[in-house]
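Enquirer: Chains as they are written, first to last, in the numbering used here: chain A, 1 to 295; chain B, 1 to 377; chain C, 1 to 515.
Simulated from the structure, these hints should not be mistaken for laboratory data. Remember, predicted model here, so these are calculated numbers, not experimental data. Virtual Cβ for every residue (Gly too), placed ideally from N, Cα, C. Any given hint could turn out to be false.
[Claimed, not checked] In silico lysine-lysine, DSS-like type, Cα no more than 30 Å apart, as pairs:
1. A:K111 to A:K149
2. C:K388 to B:K212
3. C:K491 to B:K238
4. C:K406 to B:K212
5. C:K363 to A:K286
6. C:K151 to C:K29
7. A:K286 to B:K238
8. C:K29 to C:K73
9. B:K212 to A:K283
10. C:K491 to C:K324
11. C:K29 to B:K212
12. A:K175 to C:K29
13. C:K389 to C:K463
[As the list claims (entries may be wrong)] The following label-pair restraints were derived from C-beta to C-beta distances:
14. B:Q12 to C:R198: 51 to 61 Å
15. B:R134 to C:S156: 49 to 59 Å
16. B:L197 to A:S61: 22 to 32 Å
17. B:K163 to C:H355: 53 to 63 Å
18. C:H92 to B:R134: 25 to 35 Å
19. A:I5 to B:L26: 52 to 62 Å
20. C:A411 to B:V204: 54 to 64 Å
21. C:P405 to B:R286: 48 to 58 Å
22. C:D172 to A:A78: 36 to 46 Å
23. A:F146 to B:D310: 47 to 57 Å
24. C:S344 to B:V177: 19 to 29 Å
25. A:K226 to B:L197: 30 to 40 Å
26. C:R455 to A:K226: 50 to 60 Å
27. C:R396 to A:E86: 25 to 35 Å
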Amino acid sequence: MEILIPVFQIITSTFRVSTPLVFAALGGMMSERAGVINIALEGMMLMGAFGGAVVALTLHSSLYGALGAIAFSVGIAAIYGFFAIELRANQIVAGTAINMLAAGLTPFLSKVLYESSTSTPNLPLELRFQSSPVWVAWGLVILSWFWMKYTPSGLWIRFAGENPEALDSAGVRVKRVRWAAVLLSGLLAGLGGASLSIFLSSSFSRNMTAGRGFMALAALIFGKWKPIPTAAACLLFGFFDTLQIRLQGVVLWGTAPVPVQFIQILPYVVTIFVLAGVVGQSKAPKALGLPFIQD
Amino acid sequence: MKTGKSLFLFFQPIFSVILGLGIGLLITYAAGESPWNVFQIMVKSAFGSRYDLGMTLFYATPLIFTGLSVAVAFHAGLFNIGGEGQLEIGALATAAVGICFAGMPFPFAPILGVLGGILGGALWGAIPGWLRARRGSHEVINTIMLNFISAGLCSWVTLYVLKNPDSQNPETASIGVGYLIPQLKFFAEAPVSVAILLALLAAVLVWFLLWKTSLGFELRAVGQNEVAAKAAGIDVGKIRILAMVIAGGLAGLVGVSEVLGNAGRFKIGMSPGYGFMGIAVALLGRSRPLGVVASALLFGALHKGTSDLDFETENVTRDLSLILQATVILCVSADGLWSFFGNRLKNKHQIKKNLKGKLNFPVKTKSEAESSSTVTP
Amino acid sequence: MNPIVEFRGICKSFHGVKANADLHLQVKKGTIHAIVGENGAGKSTAMKILYGTYQPDSGEIYLDGKLWGGRMKPWSSPSDAIHCGIGMVHQHFMLGAPQTALENILLGVEPSPSWSSWLPFFLRPIDYQAARIKLNQISAQYGMKVDLDAKIENTSVGVQQRIEILKLLYRDANILILDEPTAVLTQQETEELFTNLRKLCQQGKTILIITHKLKEVMNLASRVTVFRRGRVVAERDIGRTSVEELATLMVGRKVNLQGAIPSQPKLGELALEVKNLSLDGHCSLRNLDLHVHGGEILGIAGVEGNGQTELLQALLHPKDQSLKGSLRLLGQDVSHFTADRIRSLCVGVIPEDRHREGLLLKKSVQENFLLGLQRRPPFYNKGLISTKKLTHEVRRIIDEYDIRPKSADVAVSTLSGGNQQKLIIAREFEFPPRFLIAAQPTRGVDVGAIESIHRRLLDARQKGCGILLISSELDEILALSDRILVMYEGKIVAEFQRGQVTEQVLGLRMGGASA
């Protein structure tokens with residue numbers, strides 16, 4: 001029995017740690033299936049994490065915090081959408097810029113609001129989520145699977161990323177679909193950010209996403225742009241993360257502790273191997289990254 | 001008319017930069033500062049004295065390297081987001097050479113260090129190049145992943161292999177004395193070393209490579225139309241790998257200015273995102289070496305200019321640098337920015353004209369049509 | 001009775017180039033109306049205006065006597081067109097490859113069960129079952145069967161086209177526009193398509209078909225409109241016209257279908273010898289045998305997509321293909337050569353798709369001329385490019401080949417198709433090739449340039465160059481080739497000597513008919 005306790009702990013911790021990834025990866029899926037590359041996931045998450053912490057603190061409610069997170073991240077997603085969809089900016093460049101913007105804006109605003117650019121004040125425990133984000137995240141995984149497959153808008157998103165001309169000639173406005181997808185992507189990434197700042201920890205701190213947006217992107221590719229495999233990939237990456245925290249300073253063999261860096265980089269190495277076709281092929285939507293220009 | 005158009009093309013990036021800076025500075029209103037005031041502080045801080053100018057050049061040096069790196073890859077049709085990882089590995093390699101062969105005398109030591117940096121960066125660039133050429137996996141994701149992997153590796157090497165025994169800071173031991181390169185005394189205390197001359201030389205070499213050699217032509221041909229290049233007998237895969245090797249090598253040279261020219265050791269977190277800024281630098285410089293040098297200077301000035309904001313203003317921190325960079329990149333990157341607003345004006349005009357006709361026949365709306373095409377079993 | 005579609009004075013230009021000028025056109029309900037014209041005559045543009053993809057600069061269109069678009073009514077979008085019963089099958093199919101046939105057909109008009117009407121329409125679950133029932137009815141009515149659950153990427157071109165037509169019928173389209181529907185079809189598929197179209201027409205649908213294949217027009221349509229340079233030059237009843245008349249109207253002058261008869265070939269050594277070549281691909285090659293001598297033009301006739309692309313790939317990039325059989329070029333076994341080594345044997349290539357395979361569109365004429373010559377003296381010197389010699393040579397070829405505009409610095413994307421092709425030929429002939437692969441050398445090229453290109457090819461033949469000519473234009477094949485092979489479904493199905501075959505016989509063999 002006693003052996004089972006750490007196992008159980010690892011399982012629950014894996015689910016908790018992977019929650020922000022699941023949200024963000026679902027967000028990434030929305031925009032990428034619609035043909036808009038989403039490198040900006042990291043920035044959207046960061047804005048969400050910040051907005052969540054600030055609103056939860058001001059309005060004394062974690063639920064409002066989540067809504068605040070959405071407001072912030074959808075706001076920055078709208079900027080991204082404007083540049084990527086309307087102005088046909090290179091999506092990779094614009095995405096990188098959005099990440100920089102979020103990385104600069106959040107400490108800037110934090111300094112203005114709380115006199116500290118490193119972190120926001122701590123949230124009391126009752127203002128934090130306990131376990132609900134985990135359930136919401138996995139509920140959304142199922143929901144988005146159904147939505148993609150069985151609703152008109154899900155079908156449109158898939159066509160917007162695969163053959164936007166076909167969608168256009170079928171009488172659906174491609175730009176509108178892509179806009180919706182990018183905003184939705186912002187919403188989900190914002191929830192991912194919120195689950196970092198008001199679920200897994202008790203405040204926003206500078207650059208707290210620490211590459212989770214990119215990791216979500218990696219999970220998305222690993223999961224072949226499909227909701228359930230993507231969520232499973234998030235779980236795997238969350239497991240690596242848990243493992244790395246658990247093994248910090250633990251001596252497994254010899255005298256030196258396990259270098260955690262090697263566990264940290266595992267998800268990225270795995271993604272490279274997946275992309276190289278060593279662990280199954282992953283095919284991106286055909287029109288990914290191509291702006292849609294109406295004649 | 002033609003000259004007017006090309007003149008516009010020349011000034012367009014400049015307009016975009018001004019627009020981007022303007023938008024970014026407006027944000028300081030939120031912090032209760034006057035944007036104009038902030039701007040003045042920045043200008044003074046970037047160019048106010050010899051020291052300030054020197055610091056601007058010091059920040060511009062790595063940006064020239066990473067900007068060139070992104071530009072070379074871009075000409076070959078590749079997106080090098082991996083400058084950050086390549087410069088880390090390159091700088092670490094430079095430091096490692098300096099630590100392992102600490103006794104090397106002056107003129108040979110820095111050359112060895114430079115070669116180490118090029119080699120390290122080139123290796124890290126070769127990986128995504130090879131993956132793209134031989135496995136077909138996209139370099140954008142691969143370079144992002146490699147950035148994280150290099151961060152992990154560098155942190156491990158720094159903390160466990162080359163650790164500075166005298167310090168708790170995450171940094172390596174110091175390199176041999178022979179490795180330190182001469183400083184330019186004109187800029188007072190600022191750590192401007194001959195690395196900036198190396199950067200300018202690199203820009204010239206890149207220009208020569210791209211526009212004067214057959215290899216450069218092949219590289220640009222591959223970037224422009226891979227299928228046609230292949231049909232013309234160019235080995236596309238080889239060129240791709242080579243382009244990424246060159247790009248990585250250029251990024252790896254950052255270590256020369258940071259390790260050999262300044263710190264004398266590798267420090268974790270040494271780069272404030274030079275790799276990512278390189279994308280902006282290349283973009284703004286339209287991937288031309290001269291443009292890259294010019295825009296590297298601009299971004300260097302931005303970086304230096306914001307560094308004094310922490311104590312010169314109440315609430316504005318140096319994070320403004322990131323915001324300004326972001327708004328500038330966004331405005332420069334937007335392909336349709338100027339035509340977008342142009343078209344808006346034109347469309348408004350047209351709508352007005354149509355309204356004058358006043359005749360609008362009803363067309364079925366989407367929802368009506370939807371209900372009529374709904375099939376009920 | 002009102003015509004169901006009527007164009008009145010439609011004008012449309014792109015970037016100052018007139019695509020349609022003062023277009024007038026009337027289509028009767030329940031007929032098959034053909035629109036013919038050369039490439040670039042403005043046929044597709046006119047139809048895209050009707051479908052709402054483009055908005056014309058001026059003019060009006062009436063549908064069944066009612067104003068559809070014009071000065072008094074804003075122009076409609078494709079979705080309005082769909083709701084008014086207009087449907088279009090584009091030349092490049094508008095289908096999502098990983099999606100199923102059913103999903104493709106439903107796109108934009110997804111049915112939903114009645115209980116879900118409280119949801120916004122884009123969130124109502126799709127009622128796939130209802131759609132299947134309706135589609136089965138349509139299939140039965142018009143005799144068009146498809147597997148609704150097949151993914152598009154696994155279906156043949158013919159089936160994809162059927163799916164496109166079903167898409168229109170599912171939307172209750174009454175006016176069907178088909179843009180070059182037979183360009184990629186085999187003979188049987190074409191026959192089947194025509195049968196289906198006739199059936200649709202009998203049930204009251206109106207069909208507008210764009211094509212440049214005149215025999216098909218005579219076979220299918222009841223009325224035909226001829227376009228030339230953006231204008232309507234004639235409208236005829238099929239019963240009162242002939243292929244010859246239509247051809248003359250299309251081109252604008254009497255067409256010489258024969259061309260000057262070249263002299264007897266002076267056969268040189270064996271230039272290309274392909275034995276028992278097999279290659280898997282979109283259309284797999286099966287046991288191909290062919291040979292070309294120096295000084296000879298071997299024409300390969302065939303409908304596109306019958307293995308020509310695969311053959312070209314095998315010849316140009318043998319190393320990248322997993323090919324079986326032997327491939328000898330200019331006396332060497334090249335079956336494991338890269339394009340680089342093939343090129344170094346003095347092999348010239350005029351590619352099938354010059355934009356994709358032959359040009360760097362955004363680069364200048366000069367840089368495009370250099371493409372492929374960048375490692376050959378005198379343009380190459382110890383790793384560097386000799387700009388001086390290059391500039392001089394480019395100036396010379398611009399004059400010699402009459403490439404317009406006469407500037408080495410303009411981007412080739414601004415050149416017309418004919419001038420682009422002349423540039424490619426100038427480049428490939430810079431060092432006289434010993435063997436030339438010419439694929440669709442005059443596609444999308446104006447008449448004047450066609451003659452000059454043909455002359456260049458015959459000149460090269462005269463000088464002893466072996467030429468493999470791949471073309472889907474029968475006139476071209478008949479005029480140039482010393483021998484003709486017919487390719488069908490990846491196999492050589494017939495061989496003829498010059499003058500031994502008529503266009504009719506060749507057309508039949510290309511369509512897979514046996515002798």
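Enquirer: Evaluate each hint against the coordinates.
Expert: Going through the hints against the structure:
1. A:K111 to A:K149: violated (45 Å)
2. C:K388 to B:K212: holds (12 Å)
3. C:K491 to B:K238: The hint is violated at about 35 Å.
4. C:K406 to B:K212: Judged against 30 Å, a Cα distance of about 24 Å means the pair holds.
5. C:K363 to A:K286: holds (26 Å)
6. C:K151 to C:K29: Not OK: C:K151 and C:K29 at ~35 Å, beyond 30 Å, violated.
7. A:K286 to B:K238: holds (25 Å)
8. C:K29 to C:K73: Holds, at roughly 23 Å.
9. B:K212 to A:K283: violated (38 Å)
10. C:K491 to C:K324: Holds: C:K491 and C:K324 sit about 14 Å apart, inside 30 Å.
11. C:K29 to B:K212: violated (64 Å)
12. A:K175 to C:K29: Given that 30 Å is the threshold and the Cα spacing comes to 35 Å, the pair is violated.
13. C:K389 to C:K463: OK: C:K389 and C:K463 at ~26 Å, within 30 Å.
14. B:Q12 to C:R198: 51 to 61 Å: holds (56 Å)
15. B:R134 to C:S156: 49 to 59 Å: violated (32 Å)
16. B:L197 to A:S61: 22 to 32 Å: violated (59 Å)
17. B:K163 to C:H355: 53 to 63 Å: With a Cβ separation near 57 Å, B:K163 and C:H355 satisfy 53 to 63 Å, so the hint holds.
18. C:H92 to B:R134: 25 to 35 Å: Taking Cβ atoms as reference, C:H92 and B:R134 lie about 31 Å apart, which means the hint holds.
19. A:I5 to B:L26: 52 to 62 Å: holds (55 Å)
20. C:A411 to B:V204: 54 to 64 Å: With a Cβ separation near 27 Å, C:A411 and B:V204 fall outside 54 to 64 Å, so the hint is violated.
21. C:P405 to B:R286: 48 to 58 Å: violated (25 Å)
22. C:D172 to A:A78: 36 to 46 Å: holds (38 Å)
23. A:F146 to B:D310: 47 to 57 Å: holds (51 Å)
24. C:S344 to B:V177: 19 to 29 Å: Distance hint for C:S344, B:V177 is violated at roughly 53 Å.
25. A:K226 to B:L197: 30 to 40 Å: Check failed, 53 Å falls outside 30 to 40 Å.
26. C:R455 to A:K226: 50 to 60 Å: holds (57 Å)
27. C:R396 to A:E86: 25 to 35 Å: Cβ of C:R396 to Cβ of A:E86: about 47 Å, so the range 25 to 35 Å is violated.
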